Amino acid sequence: MFQSKKIIAAGAFALFAGAGLSLSAQSDITVAMQLEPPHLDPTSAAAGAIDSVLYSNVFEGLTRFASDGSIIAGLAESWDISGDGTVYTFKLRSGVNFHDGSLMDANDVKFSLDRARAEDSTNAQKALFSGITDVAVVDNTTVKVSLDKPNGSFLFNMAWGDAVIVAPESIEGIKNNPVGTGAFTFKNWVQGDRIELSRNPNYWGAKPALENVTFKFISDPTAAFAAVMAQDVDVFTGFPAPENLPQFEADPRFQVLEGSTEGETILSTNNKMPPLDNVKVRKAIAHAIDRQAIIDGAMFGYGTPIGTHFAPHNPDYVDLTGNSNYDPKLSKKLLAEAGLSDGFTTTLKLPPPSYARRGGEIIASQLRAVGIETEISNLEWAQWLEQVFRGKDYGLTIVSHTEPMDIGIYARPDYYFQYDNPEFQSLMTELNGTTDPAKRSSMLKKAQRIISDDYVNGYLFELAFTTVANAKVRGLWKNAPTQATDLTGVSWAD
Amino acid sequence: MKNNSLILGGLLSALVVIAALVSFLWVPFDITQLSIPDKLQTPNEVHWLGTDHFGRDILSMIMIGARTSLAVAILAVGIGFFIGVPLGLAAATKKNSLLDETIMRTNDLIFAFPSLVIAILITALFGAGAMNAIIAIGIFNIPVFARVSRGAALSLWQKEFILAARVSGKSDLRISAEHIFPNIANLLIVQGTIQFSLGILAEAGLSYVGLGTQPPVPSWGRMLADSQTMVSFAPHLAIIPGSAIIVTVLGLNLMGDGLRDLLDPRVRRSRE
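Top to bottom, those sequences are chains W and Y.
Numbering-wise (this note's numbering), the first sequence opens with residue 1 and increments by one.
Numbering-wise (this note's numbering), the second sequence opens with residue 495 and increments by one.
Derived by calculation from the structure, the hints in this document are not laboratory data.
Incorrect hints may have been included.
Part of the chain W face toward chain Y, derived, beta carbon under 8 Å [claimed, not checked]:
id, residue
1, K187
2, N188
3, G339
4, S341
5, G371
One-sided excerpt, in silico: chain Y residues whose CB lies under 8 Å from chain W [said to hold, decoys possible]:
id, residue
6, Q527
7, P710
8, F727
9, H730
Pair ranges (Cβ atoms, derived) [stated by the list, open to error]:
id, chain 1, residue 1, chain 2, residue 2, range
10, Y, V703, W, G433, 25 to 31 Å
11, W, K187, Y, V540, 53 to 59 Å
12, W, P413, Y, V725, 54 to 60 Å
13, Y, V725, W, K478, 26 to 32 Å
14, W, R390, Y, V725, 34 to 40 Å
15, Y, V703, W, K329, 36 to 42 Å
The model shown is predicted, which means the values in this text are computed figures rather than measured ones.
Note that CB positions come from ideal geometry on N, CA and C, so glycine has one too.
With these hints in hand, go ahead and build the complete structure from the sequences.
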């Protein structure tokens, strides 16, 4: 009796295992990530998790990011730029439908851009649209966008997840039922657990190899490790525990992709809070920090040192790490010059990721060595956003700024660093009006130098983007030029 | 028969207390200085218990962690004792009076909540930190001491010597302080030892979820939490602080058992 039951069970198991191999291994995928989106509208929230699920999978813009960070055509198949650089005429792809069946045409583009730049718009990146003076429908597949002045990064701006094209018909329910034009349609969202997508049979572009996609949200690093090890998930993007990566690398079942991100991890400094308002004190902090120790200790070696707020893989990057090399003696001297030879005490507020929590302990120890005491408090994200980001009630904090090309935040005196430098602000205004690549490049380099020389923040390292995946998965993005998990080109090897 | 559990428990507890006391004067390495190149060493002749992910000496962290645990537990038990015992004694003076009912029903109310969950709530509301952890754990010690002292005091109030004290004109307050309290002290010491070990567990639990002692002050619970993703390749990071908690709690519980056997007149008499 017992024997026969066991055989049946074994047979059933073999059957399921076989079925699993022949079906799920070819066209279904489960992708895990740490953070769950608060809702599903990329055009009305800053939360990067929304783009991580939906960008290019469900929603598309006029242009889009390719995996190497370059800008390629999206829903616009081509465009003309007027001689003075202020009028962009986009030629849209014809025959593109939204997932609800309605046609995507010039009116939808006008609607999306007008909605994003409107007075009452809740778009998290309104600055992307601020130069637009008019959006005109020429015909069904042609849109003319006029700018107040030339903007060299306009096509780049239009590739952001915040600039995707949405339809007036489906905008009401977008937060729970996103309707886009992408290669995957939204199927189901079990809050706190997963989001399911399935292949869009009417997709205008190349058909994706995957049939069903499940995004799972696992915030706890230990649970993330267990889920990957047990192969409950096929891919984990942005794996949260770098200390576990060598184990995956050593295991033939997995592949580890180490790429770059747009995440400048910085010791953000409240430039209005004494004594941090004194540039000598900020310089002292910068020289007290040993970046390599932080990369090794907090990230187990994953990460590239930076000396300014710019991604090292960008061609315009200037290596300014020497400007704030590890020199505790100089730090002490600078503190003495600032009249703080006995040191001082400030707060160090840390959000949950391990780069912040572990990096914070290391920085606290390094600062203590030059006489600066920090009161560490560990905050949840909601508390961090309220106290630090909005309330500006902090001395120091550690956070990774993952938006691409975001050096412009230093031109905003009301931003949480509270850095107010008119020279930098006018440089940014000038940059936005410049389209000549060579001039833009030299301005960007100058901008990097200004914030480095002003020691606005402590520049630590560029966050590495680490993905752990089943060894048979092909076509994943190695780098993260924007927050996205583009699955349109992902497939299973046989 | 020798009181083996008292001896073993006493020894284990003494080990922890000595480690904590010594840490005030000397630790093998300065744990405020991180040394990343020395990270994740297994126990060796330089670092007897190895190093953690920041290259800190684990033995030094365990010793200072003992200090943290004991300090939090002592203060938390102290809050429970110095508030709970007077409340219990006061309640016992007039059985079923309004005072008694008020005190004991409030106690029941506090008892009804799972203590660790409320401790998490308190620290989440008022901020994580050792002081709030002490208060949170202390609050849940109050009803324990109040109940024990009331129960024991009630039976004493029936005794002839209390009647004698009453007849001689002593006030309830004086009787409670001079006659009741000394006679229930044994019981309270035993209860205190047990609460002490629970306090150490609670501190470790709160620190584990990040609401107790804050970095850089080491805590056994946070050492466990930090080790979590590294257990698979550096198991000593979890085994050592885990063992420290086990040794302390086991030692205190054995000592509590042993003290009860030693101090409880009934057990003592039955032995003789």
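Here is what the structure says about each hint:
1. Below 8 Å, beta-carbon pairs count as interface contacts, and K187 (chain W) has none with chain Y, the closest being about 32 Å; its hint is therefore violated.
2. Interface restraint check for N188 (chain W): the shortest CB-CB distance to chain Y comes to about 31 Å, outside 8 Å, so the restraint is violated.
3. A cut of 8 Å between beta carbons decides the hint on G339 (chain W): the least distance to chain Y is about 25 Å, and the hint is violated.
4. Taking 8 Å as the C-beta cut-off, the interface hint given for S341 (chain W) is violated, the closest approach to chain Y being about 20 Å.
5. Violation of the interface hint for G371 (chain W) is found here, the shortest Cβ-Cβ separation to chain Y being roughly 13 Å, above the 8 Å cut-off.
6. Because the smallest distance between the Cβ of Q527 (chain Y) and any Cβ of chain W comes to about 6 Å, under 8 Å, the interface hint for this residue holds.
7. Interface hint at P710 (chain Y): satisfied, since its Cβ lies 6 Å from the closest Cβ of chain W, which is below the 8 Å cut-off.
8. Using the Cβ-Cβ criterion of 8 Å, the hint placing F727 (chain Y) at the interface with chain W is satisfied: the shortest such distance is roughly 7 Å.
9. Violation of the interface hint for H730 (chain Y) is found here, the shortest Cβ-Cβ separation to chain W being roughly 15 Å, above the 8 Å cut-off.
10. V703 (chain Y) and G433 (chain W) have their C-beta atoms about 51 Å apart, which leaves the hinted 25 to 31 Å range violated.
11. For the pair K187 (chain W) and V540 (chain Y), the supplied restraint of 53 to 59 Å holds, since their beta-carbon distance comes to about 58 Å.
12. Taken as a hint, the range 54 to 60 Å is violated for the pair P413 (chain W) and V725 (chain Y), whose Cβ atoms sit roughly 47 Å apart.
13. Between V725 (chain Y) and K478 (chain W) the CB atoms are about 29 Å apart, so this pair conforms to the stated range of 26 to 32 Å.
14. Checked against the given bound of 34 to 40 Å, the beta carbons of R390 (chain W) and V725 (chain Y), roughly 37 Å apart, stay inside it.
15. Between V703 (chain Y) and K329 (chain W) the beta carbons are some 40 Å apart, a value that agrees with the proposed interval 36 to 42 Å.
Hints 1, 2, 3, 4, 5, 9, 10 and 12 from the earlier list are contradicted by this structure; the remaining hints agree with it.
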